[in-house]
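**Student:** Residue numbers (my numbering), protein chains in the order written: chain H, 1 to 267; chain D, 1001 to 1334.
FYI, nobody ran anything at the bench for these hints, they're computed from the structure.
It is possible that part of the hints are untrue.
[Claimed, not checked] Covered stretches of chain D (in silico footprint by chain H; criterion: 3 or more residues with CB under 8 Å from a CB of chain H, positions within the stretch not fixed):
no. : stretch
1   : 1059 to 1068
2   : 1083 to 1090
3   : 1097 to 1111
4   : 1119 to 1127
[Stated by the list, open to error] Partner residues aside, some chain H positions facing chain D, computed with beta carbon under 10 Å:
no. : residue
5   : Arg-15
6   : Arg-18
7   : Leu-95
8   : Arg-96
9   : Arg-232
Computed from a predicted model, the values in this text were never measured in an experiment.
Idealized CB from N, CA, C, for every residue including glycine.
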Amino acid sequence: MITRQLGSEVRWMLRRPRTIIGLFGLVLVPIIISFGIWTASDEGGGGPGLAAILKGNGMVVPIFTLFLSLNLLLPLVASIWAADGLAGEAQHGTLRGLLVAPVSRVRLLFVKLFGLTAMSLFAVTLMAVVGIIAGTAFLGTDGMMTLSGTTLSTAEGLVRIVLFILLVTFQMVSIGAVALAVSSTTEHPLVVQAATMTTIIVFQVLGQFPSLDWLHPFLITTGFPGLIDVMRDPIPFGQIWDSTLLAGCYLLIGTGLAAMRLITKDN
Amino acid sequence: MTTSTSAPVTAPTTHAVAARTKGLRKEYGSTVAVDRVDLELPEGAVLGMLGPNGSGKTTTIRMLLGLVRPTQGEIELLGQRLPDGVEQALPHVGALVEGPGFHPFLSGRENLIRCAAFEPLLPKKQIKQAVEDALERVGLAQAAHRRYRGYSLGMKQRLGLAGALLVPRKLVVLDEPTNGLDPAGTREIRKIIAELHEQGSTVLVSSHLLSEVEATCTHVAVLHRGTVVAQGELTELLQAGGSALQVITPDVETALGALRQAKISARPLGEGLRVELAGTSAPQVIETLVKAGVGVYEATRWKTGLEELFARLTEAEEAERGMSSVDTLDGGRR
Ligand SMILES: Nc1ncnc2c1ncn2[C@@H]1O[C@H](COP(=O)(O)OP(=O)(O)OP(=O)(O)O)[C@@H](O)[C@H]1O
Ligand SMILES: [Mg+2]
């Protein structure tokens, strides 16, 4: 029963026009990045810039892509899914249908969280795969050069990419969980997206003020840059662990609030 | 079993009641949507819920389905106490509440398949067939492949009905099912309700269309300003609530005296008198009159239609206020 419900949820998300458009947009990012680097390296002149460093280093593209997208694009996509998941269903009156079926409210939240996770993992993986392909096509691949200056074999590079996919997905899901909590309080999906994106942007701005450094450890966005440690050799897990733990807290709090709200909600 | 009459009503019993509420109250902030609603939905009945706009029909239905938590009061649904038993009860309940709710970007069929995936009583293998059957039943088979976005009001309503009928149900709750339907659609709904009734399902249908309720329902509950002002079997309600006996007789005085002695209210009218049948029956009245030696030339039943009953129950308020003062004045003079 539960697998059937989870399957239905993911299929429903995949059928949404905006999901398809969103995925299409996400896939464009690594392609554009690869293309940009390729054209930059074609100009030839200048010192050893980004292009020169990345020449023959196509496997960096997926990591670079995800790292960039995590700041805005991936939270946006997560917030859209979270918004449609509860607020959107409430708006269309379909939430009532699910509750009368019946799906218990706790299970409904689980289904929604699963859909969010599955789709996030799918989107991030898709971006990474397209990144690998585009990076290889435009820049070529001879292993992966790390930030520490060493070069990893292709296999090792792939392991790093998989690790990065998981880490980024987890960040995305945590943001989505908080967005789900917002989503459970309203019937307007746009409110959820606006609230989530505003929060992410405000967090990033707050992160710029040294005077607020006492606040920084609590902002989920503070954890984003540390994830790039995946590209060092050997990997220093300190920051990665901190970022993930912080995201985990957001996930728990978001899920908890959403559950509390959903259980007592009138529909 | 013999002591079952003394058992507490609140215990889940095999008592033939599909749903029951006790002292139901719902407040939204300072608005009281529903208050002191004691509703009884006998098993196998078709209960028509009547009431003007904003009288609390939808709110009551939502509470009955566990969608909204009552501020006060108890609900029993298919032998389960809410909110704890809601998951045992709801699989057997099909509902269409406050209009159909579907996803605009999916076709009618896809929407139903999504609904079906969440129906606990529907095995996976039967989903396809159940969806096709439901579509056929509401006359949507031709349009099933089209996007819900493009559906007309009536088609949307039909799809909502199909969702409620995906699984054989013990109880079907329809909130204004004929909303937006053409006359043919209205007839079809009537037919579907009749079929459900024949199959032994209980039906709760709220409606503004009195003729609709009169034609399809066995029971009626009238809501007014959040409270139930009348409920019971349709025929009984129409008789007790509104029927009177018009008796043609020359001995009006004797007749009035005899009836007063039997505690039956009556008043002179035209060539005879009008006898209220509240708390009594026509044969009883005639028997009383004949025993008193009153010559009865003719006795005719005056039956109120549902429309008249409804109007009296729900529109009386303002008139009542004016009348009650007259009543008090009248009483004072006596
Ligand atoms: N979510 C809500 N918030 C505030 N007030 C509400 C809410 N839902 C219902 N009400 C109020 O409760 C009262 C009863 O509403 P309800 O929808 O139950 O009426 P109804 O009998 O279904 O009316 P209609 O025939 O128009 O459908 C109304 O006064 C309405 O304003
Ligand atoms: Mg209503």
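**Student:** It remains to establish, for every hint, whether it holds in the given structure.
**Tutor:** Status of each hint after checking the structure:
1. 1059 to 1068: holds (count 5)
2. 1083 to 1090: Contact hint for the stretch 1083 to 1090 of chain D vs chain H: holds, 3 residues under 8 Å.
3. 1097 to 1111: Result for this restraint: holds, n = 11.
4. 1119 to 1127: holds (count 3)
5. Arg-15: Because about 6 Å separates Arg-15/H from the closest Cβ in chain D, which is inside the 10 Å limit, the hint holds.
6. Arg-18: Holds - the Cβ of Arg-18/H comes within 10 Å of chain D, reaching about 9 Å at its closest.
7. Leu-95: Hint on Leu-95/H: holds, closest Cβ of chain D at ~8 Å, below 10 Å.
8. Arg-96: Holds, about 6 Å.
9. Arg-232: violated, 45 Å
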